[in-house]
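These are the residues of each chain, in order.
Number of protein chains: 4
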Amino acid sequence: MRSQTVSVGVIGCGYWGPNVIRNFFEAPGAEVVACCDVDPGRLRFVSRRFPSVRTMHDPDKLIYDPAIDVVAIATPLATHYELARAALRAGKHVFLEKPAAATSQEVGRLVELARRRRRTLFVDHVFVYTSAVQKIREMIRQGRLGRLHYVDSVRINLGPYRHDTNVVWDLAIHDLSILDYLLGRLPKLVSVLGASYLNANSEDIAYVTLQYDDGIIAHLHVNWLAPVKVRTMILGGSKRMIIYDDVELVEKIRVYDKGIVVSRNSAELHKMLISYRIGDMYAPKLEQAEGLQVAVRHFLDCIRSGREPVTGGEAALRVIRVLEAAQRSLRHGGRMERVRP
Amino acid sequence: MRSQTVSVGVIGCGYWGPNVIRNFFEAPGAEVVACCDVDPGRLRFVSRRFPSVRTMHDPDKLIYDPAIDVVAIATPLATHYELARAALRAGKHVFLEKPAAATSQEVGRLVELARRRRRTLFVDHVFVYTSAVQKIREMIRQGRLGRLHYVDSVRINLGPYRHDTNVVWDLAIHDLSILDYLLGRLPKLVSVLGASYLNANSEDIAYVTLQYDDGIIAHLHVNWLAPVKVRTMILGGSKRMIIYDDVELVEKIRVYDKGIVVSRNSAELHKMLISYRIGDMYAPKLEQAEGLQVAVRHFLDCIRSGREPVTGGEAALRVIRVLEAAQRSLRHGGRMERVRP
Amino acid sequence: MRSQTVSVGVIGCGYWGPNVIRNFFEAPGAEVVACCDVDPGRLRFVSRRFPSVRTMHDPDKLIYDPAIDVVAIATPLATHYELARAALRAGKHVFLEKPAAATSQEVGRLVELARRRRRTLFVDHVFVYTSAVQKIREMIRQGRLGRLHYVDSVRINLGPYRHDTNVVWDLAIHDLSILDYLLGRLPKLVSVLGASYLNANSEDIAYVTLQYDDGIIAHLHVNWLAPVKVRTMILGGSKRMIIYDDVELVEKIRVYDKGIVVSRNSAELHKMLISYRIGDMYAPKLEQAEGLQVAVRHFLDCIRSGREPVTGGEAALRVIRVLEAAQRSLRHGGRMERVRP
Amino acid sequence: MRSQTVSVGVIGCGYWGPNVIRNFFEAPGAEVVACCDVDPGRLRFVSRRFPSVRTMHDPDKLIYDPAIDVVAIATPLATHYELARAALRAGKHVFLEKPAAATSQEVGRLVELARRRRRTLFVDHVFVYTSAVQKIREMIRQGRLGRLHYVDSVRINLGPYRHDTNVVWDLAIHDLSILDYLLGRLPKLVSVLGASYLNANSEDIAYVTLQYDDGIIAHLHVNWLAPVKVRTMILGGSKRMIIYDDVELVEKIRVYDKGIVVSRNSAELHKMLISYRIGDMYAPKLEQAEGLQVAVRHFLDCIRSGREPVTGGEAALRVIRVLEAAQRSLRHGGRMERVRP
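Protein chains in written order, with our numbering: chain V, 37 to 377; chain Y, 37 to 377; chain Z, 37 to 377; chain X, 37 to 377.
Derived by calculation from the structure, the hints in this document are not laboratory data. A hint or two may mislead.
Heads up, the list lumps identical chains together, so a pair's fine if it works in one copy or across two of them.
As the list claims (entries may be wrong) - With a straight-line cut-off of 27 Å between C-alpha atoms, the simulated DSSO-like cross-links for lysine-lysine are:
1) 224 <-> 275
2) 321 <-> 97
3) 224 <-> 171
4) 171 <-> 275
5) 171 <-> 97
6) 275 <-> 265
7) 97 <-> 265
8) 321 <-> 171
These numbers were taken from a predicted model, which means no experiment stands behind them.
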């Protein structure tokens, strides 16, 4: 790092880029000095919002600017690998939008490159940094859910349609990164059933099933053709259950002190007795922090400390491996596929 | 029919039986005269609520009572076939709780028996008779949804656990009968992914996927281990979309005047342009009628007119065929199975 | 009491009467033997539902039937006093729908009569017997809310319009009985602002404000002309706040661990520092019991033990005194009125 | 105006000021060139977000800067009058946060000053510019509600507590400006019942009742001590009813095709028959525009055209007159007060 304040250049000023710019501005110790886009309209938009930021069309100019410490990449997926590789080679730390790259080979190479150059490679799996997901992880770690049985996620909306990817790579990736963070391991098997209504080459609805070693099942419904926005994840445990509703403004997490008690009748040993335990529901207080702000600060901390980010290259690689297995399953009409470790 | 008023005997007075008794009492032209259960406690309960009803332990006494016109069967699944067969043979009309029987062979034999004896065989797929489902069917028939793309249903709750069946036979059957009524045809392929947490022999969570000839996909999430009761069905069409929320007390159906417009750029023919059409949402007024009451009255009409009920033996047979394919898929770890026509 | 089982006669079989009949049937140790109504259609309806109950047109026949122990009165308000008086004089215990009577003089006389005849006079302020209201009272008693500041209730719906009374006597009476139970004392001052859109002689919208000795304010919005049914009560305390939503099926009570911390800056003594304490929200588990069933059982207990019911004549008298002050306020255009103790 | 682009200076960079700055930046034809605050921390915050904006401590420097066309004032109420007067005298157009000033005399003088100097005086009653409120006004104008009976508004939250004003001036002012826009006239009578729990000198809960000439009643519940944020307005008309829920993200307005039909029985002329008409509910599509952006653009249009803004000085004066009557009512314990025309 050349100075106390980290200088950031942002490539890609579409839908998400301005959020990245704003959050680097709001984080202590960082400043956005330049941004780059192919569309002059987007650059004008950024200039109006952030008049001090230099704008440019050529990403190389930004990547090779010696005054820039960090390159943040918020471009379409197809360009991630080339841009991130060039930035790492130029000695920059990289803040990379998800998905990290199009293949696990590419992500693997970025991980290796960052390691050799001793630069921080951060992939913006932003949900991992929300208070809600962090609270859920804490509760799982403390054993509050008992044995986790299943995770069921619904992440649907009317668009936005993306031409550069399908709904699995666009939406299920959020759930996959959350699951990677919560469970800390890869699923064993993946199967995906998809449908392509708008464009025969790209799924706009998909049902993803993940099976883990210890019997946990995760099921994801992702959909670009739904009438309303739903982002609900149910975590069913033997002791407690959680509903995480990301569309709620305040009470995003509800913890249900409910469970099932299985006992065996001593008289009739063959007969299983099932009863329900129903207690209070509670919604724990969550910090109001914006996930992207927490992500940016964690990234800046990792640059300073040299530590691997929670969603560094290795975590991103695990997520991409699951996506690749999902893609293979889609190609084979929903066949169960092993995730390559 | 022996008289103006149809005399009904009810076998099985557990959870659902008393509802059947009450609804026959409330329907004009019918009267419950007897009921039967193995549990004296349940008979006492019925006596307190309906003091005029004779109670008995032996179903044969009820089935062979010449004063009884209709036998309603609300017992566990394993007994459906024997009881219904005996009642039809005794010349009774039969009101049979779902599932009609344990196999399509059995249902086929009941259908045949009812035909030969000229008796009405009615299977209580009660959701078909709700104002909500009838309104949805009307909208589909009128072409209001445009081309139907997908149906996504979530039907989950904490129990009640049933020892005599699994979650697919207990809950997905409702969706299958609704789909049969809405779409009027069998799915081509079925696959089911299930998990058994409480009892290794019986699934308590399942994800059912149905594929129809014309590209419609239906997906059902059924679950006995969920912290809250959810009964939501999304129907996504090219012109409009519906959310049917059966847990809502008043506005069970919401119609979204939303759609996706796909056009092709004349300049760049290869590029597809996707845009969204977003209009009003509305919740049509629904009759407040109880589904079971509508079902009972339809059954009584069919007895009088000799017509086949909407959910007669043939419809029940189609539902059972799908359940059998689902069961085969479960046995083979989620394999895609053809539905036998 | 003549026998082990209490014999009940019900006068008035309109909207609420059949609920009363059903609940006496469901309560152990009671049985409805007769009912009475001026409308033959209502008697036929009851006969179909409860075939063992004798029906009659003349209330005197029921009141003076020596086989009857309890007279339950679910008729229009104008007849309450005469019927209850006759029943008490005939030595019956009385289960009286709210409002107990049209004036505090009348209620006072019924109280006195019941005392002299050693009979139980019970007024069916049914919300007092719901698990939700009982839970709230428990929390207030335990000091969980800290100092109670205010109660704000909204009880609105589209009708049902009642010709025999106004919206204050029809709906606010529920809140007044709940407040009487929760706070255990009369308000000091009452003011009511009402409007009469449908009928110049009878308010269909009203805003009732109650002021208590210790600074507590209660405000009630009651309305027959609202598009949706709302029944929400907020209780604001210094330590915690409760929202009681009676329209919710399961989580009727939400407890917010929120409060306001007022401190004074030592440097600038004149400046008050206000900060907020925000903690978890929780929804305590409530029993699923039906309020009317709890009420009926409590009434039967009081008959057996000779104890004064929680909503006996004295409690009903307090509620009527507040209604009378409310009525005076309405007559004087919203003037503040003292409640006569 | 000195140039094509309107140059804006913003005084007050607390909670709301940065929103004003951003919205002037986003509006075509305007630019924020300077801002002013007594707190250096707030100026640093603005500098980070809007690096091109000059910051200063002295408002006079901003007001008398000849390069500035517009002075936007987002300071505490006590300073509004002096700052706005100085700005108008210096020939600036003024964008003034609500409440316009502390008394109707002050607002009257600002109106007069703006008139004489031919400058635009705009008061930021921002809700008037939301799509929801504009849609409601359109429906009222088109007669869709029939005869309007009542407006009931609940605007409550846990704080934020304000030291410079009470809850009526802070929150009810929003409803008063919406009502002024919807109804286009002053109420005749105002009464307010308030309570002061945190600070004996300032109400934190209040119930405001407004009576209009034609029998319309408006009732406002405003509250800084509520556990959750509620912003719901019900408009009850003879033909239709609206619920406007500002906390909803998408469907802020729900229109209920419900009404009450009052007829008279020909046989019994004295008897009024009340029945309910219940039809569909619908949520009209609303533009997603930010209210403040619409307000800023309207303000800029008025500068260009010389027209009086919808929420110009005259409208603000009407709102202040109602607030003054409300304040008198509070002082007299809820007495009904006339609004001075």
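Hints, one by one, checked against the model:
no.	hint	verdict
1	224 <-> 275	within (25 Å within a copy, 39 Å between copies)
2	321 <-> 97	neither (45 Å within a copy, 45 Å between copies)
3	224 <-> 171	within (26 Å within a copy, 43 Å between copies)
4	171 <-> 275	both (17 Å within a copy, 25 Å between copies)
5	171 <-> 97	neither (41 Å within a copy, 49 Å between copies)
6	275 <-> 265	between (30 Å within a copy, 18 Å between copies)
7	97 <-> 265	neither (39 Å within a copy, 48 Å between copies)
8	321 <-> 171	both (9 Å within a copy, 23 Å between copies)
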